[in-house]
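Chains as they are written, first to last, in my numbering: chain A, 1 to 115; chain B, 116 to 230.
Hints in this document: simulated from the structure, not taken from any laboratory. Take the hints with a grain of salt, since some may be wrong.
In silico lysine-lysine, BS3-like type, Cα no more than 27 Å apart, as pairs [claimed, not checked]:
id: 1; chain 1: A; residue 1: Lys102; chain 2: B; residue 2: Lys172
id: 2; chain 1: A; residue 1: Lys49; chain 2: B; residue 2: Lys172
id: 3; chain 1: A; residue 1: Lys102; chain 2: A; residue 2: Lys49
id: 4; chain 1: A; residue 1: Lys61; chain 2: A; residue 2: Lys49
id: 5; chain 1: B; residue 1: Lys172; chain 2: B; residue 2: Lys130
id: 6; chain 1: A; residue 1: Lys68; chain 2: A; residue 2: Lys102
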Amino acid sequence: AQSVTQPDIHITVSEGASLELRCNYSYGATPYLFWYVQSPGQGLQLLLKYFSGDTLVQGIKGFEAEFKRSQSSFNLRKPSVHWSDAAEYFCAVGAGSDSWGKLQFGAGTQVVVTP
Amino acid sequence: GAGVSQSPSNKVTEKGKDVELRCDPISGHTALYWYRQRLGQGLEFLIYFQGNSAPDKSGLPSDRFSAERTGESVSTLTIQRTQQEDSAVYLCASSRRDRLTDTQYFGPGTRLTVL
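Okay, chain A solo, but in the shape it has when bound (with noise of 0.2 Å):
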């Protein structure tokens, strides 16, 4: 069975400064990687998904994400952070292509900005 890691509970960062989230998957086979963005009052946002060929992905609202087989790792980056940008950020990995659309998610990391 899959899971799905993300060490980091809390980030504070800075406005205008540079975010990465871990994101530590298990999986046997080459998984299903997505990205979910949680807004207060907010339904769950698609972000960006990985499936296969280029292992760097880009996504919406200027995040991009970098598959790393060798590190079992789907990590999120953003260069330049938004005071939008607050919000709680979920990683989730599905079971593979013939597979319907069960995903497993982490516990979330929630990402505050400071001014």
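Position chain B relative to chain A; hints supplied.
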């Protein structure tokens, strides 16, 4: 509206009462998912529907939980004899098909508090 909607947004109930949570998916989406998000935790899969059928109910925590979907549209999650541990945000998502390659769009959730 174009998104997934859920009602009520908040529900406070007394232990032992039954509750019904409603999800209206995006029109034309054949797959519908229910997740539970306990405080400080990631999303936990409950059940999913393809059309009106539920091929995977493996995440339902107990026989107090049930769900149905009618007209390949609205879904209702019912919790009977609620317990305090049922307190959580219940999230619904829909996707065009039940494949990982199809983005899941989430509703804003129903926050359930059991006193």
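The hints, checked one at a time:
1. Lys102(A) with Lys172(B): holds, 11 Å
2. Lys49(A) with Lys172(B): holds, 25 Å
3. Lys102(A) with Lys49(A): holds, 14 Å
4. Lys61(A) with Lys49(A): Answer holds: lysine 61(A) to lysine 49(A) is near 14 Å, not above 27 Å.
5. Lys172(B) with Lys130(B): Holds, because 24 Å separates the two Cα atoms, which is no more than 27 Å.
6. Lys68(A) with Lys102(A): holds, 22 Å
Violation of the numbered hints given earlier is absent; every hint is satisfied by the structure.
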